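Counting along the sequence shown from 1, when you hit position 252 you're at 257 in the working numbering, and nothing is skipped either side.
Source of the hints: derived by calculation from the structure; they are not laboratory data.
Note that the coordinates shown come from a computational prediction; the quantities given were computed from them, not determined experimentally.
Beta carbons are placed, not taken as given, at the ideal position from N, Cα and C, and that holds for glycine.
Check the hints yourself; a few may be wrong.
So the derived label-pair ranges between C-beta atoms look like this [to be verified]:
hint	residue 1	residue 2	range
1	LEU301	LEU27	25 to 33 Å
2	PHE66	GLN302	55 to 63 Å
3	MET255	LEU91	20 to 28 Å
4	LEU17	LEU168	44 to 52 Å
5	LEU171	LEU10	54 to 62 Å
6	THR233	LEU38	53 to 61 Å
7	GLY166	SER307	47 to 55 Å
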Amino acid sequence: MNPWLKFKQRKLAYLSYIGFLLIFTLSLMANILANDKPLIIFYQGHWFFPQIELLTEYDFFGTLPILPDYHSPVFIKNILAHGWILNPPIPYSYNSIDFISTEPFPQSPSMSHWLGTDESGHDILAVLLYGIRISILFGLILSFFSTIIGIFIGGACGYFGSLIDLIGQRFLELWSSLPTLYILIILASLIQPNFWSLLIIMTLVSWMGVVGVVRAEFFRVRAQDYVTSARIMKASHWHIATKHILPNAMTSAITLLPFLIASAIVGLSSLDFLGFGLPVDYPSLGKLMLNAKQNLQAPWLSFTAFGSLTLILSLLVFIGEGLRDALDPRYP
C-alpha cells in the first residue's frame, strides 16, 4: 500500500499532521494576523499599506515627518472622517506595548487581549504566534542539517565498515558522552547568540541521533544481492551508496524528522528559558515560560506557555509514530 494512504489510515497521526500544519501556517501569517500597523488605510482617495511602506504623519494630516501612532484615538478619528482603516485581527505585534490600558500588567484575558498580557504589556497571543514561527522554523532548519550530517557520517561508517566504522563509533561515543546542554550554554555565553549562531551550535550536537539508524540500515542493505551485483559490475562506491543503499536508509531518517524537530524546539526553548538563547528582542516560547515562572499570580501565562509547547510536541510525536508505522512494511 502507498505509504501516504497508510499514514492517512492512522487517524491520530493524520489529524496531528493537519493540526500541526494549521498551527505552522497561522504562525507564518503572524505579520498579517498580529501587527500594530494596519493592513490597509484608505484616506482622501489614496491607498496606504503601512506594513510594506514607511509612512509618517506628514503622509496623512500631520506636520512632522514622524511615525504615526496608529492606535491613537485622534489618528483613528481623523482617518475615519475621510476614509477607512483595516486593522489585523490582533492589533499588536510581539513587541507592542499597550499604553492605553488602565489595568496593571500582567493583564488577564479580555476582549482587548484574548490571552492577556505579560508583565511588560506585550500581547500574549501575538508573542505566541511569532514565537511558534521562530521555534518551528528553527526546528525544521536544524533537523534538515542534522539529517544531512547524520546520513553522511552514518552512511560512511555503515558502508565502508572496518577502520572507518571503528573510528566513527569511538568518536561518536566520546562526542555523545559530553553534557550537551552545558556545551550549548558555554558556547552561547562566549558568543553573541542569535538565530543563526544558535543554529550552528545546536547542529554540532543534534546529528548524533541520525547516525545510528542510518549506519544500521547501510550495514543491512550492503549485504543484499543487488549491492553485491553492483560491486561485481565495477560500479563506483558513490553510485552504490547513493543509488542502491541510500533510498532504503532515507526511510529510517524520515521517521526521525518529527522527533528531531521536537528536540530542537525543546532545546531552543530551554536555552531561552535559561537566558542563553535568542536576544531579548526576539519572541520565544522559552521567554514566555520564564515570564510565567516569574508571575505565578497570573496563571494564564502558565497555561498559554506550557499548553502551547505541550500541544506542539505532542502533535510532532504522533506524526512521528504515524510515519514510522506507515513506512514500516511489517505494518498493514
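Here is what the structure says about each hint:
1. LEU301 <-> LEU27: 25 to 33 Å: Holds: the Cβ-Cβ distance is about 31 Å, inside 25 to 33 Å.
2. PHE66 <-> GLN302: 55 to 63 Å: violated, 43 Å
3. MET255 <-> LEU91: 20 to 28 Å: The hinted range 20 to 28 Å is violated for MET255 and LEU91, with Cβ atoms some 46 Å apart.
4. LEU17 <-> LEU168: 44 to 52 Å: holds, 45 Å
5. LEU171 <-> LEU10: 54 to 62 Å: With a Cβ separation near 42 Å, LEU171 and LEU10 fall outside 54 to 62 Å, so the hint is violated.
6. THR233 <-> LEU38: 53 to 61 Å: holds, 57 Å
7. GLY166 <-> SER307: 47 to 55 Å: Given about 51 Å between the Cβ atoms, the range holds.
In the structure shown, a violation is registered for the earlier hints numbered 2, 3 and 5, in ascending order.
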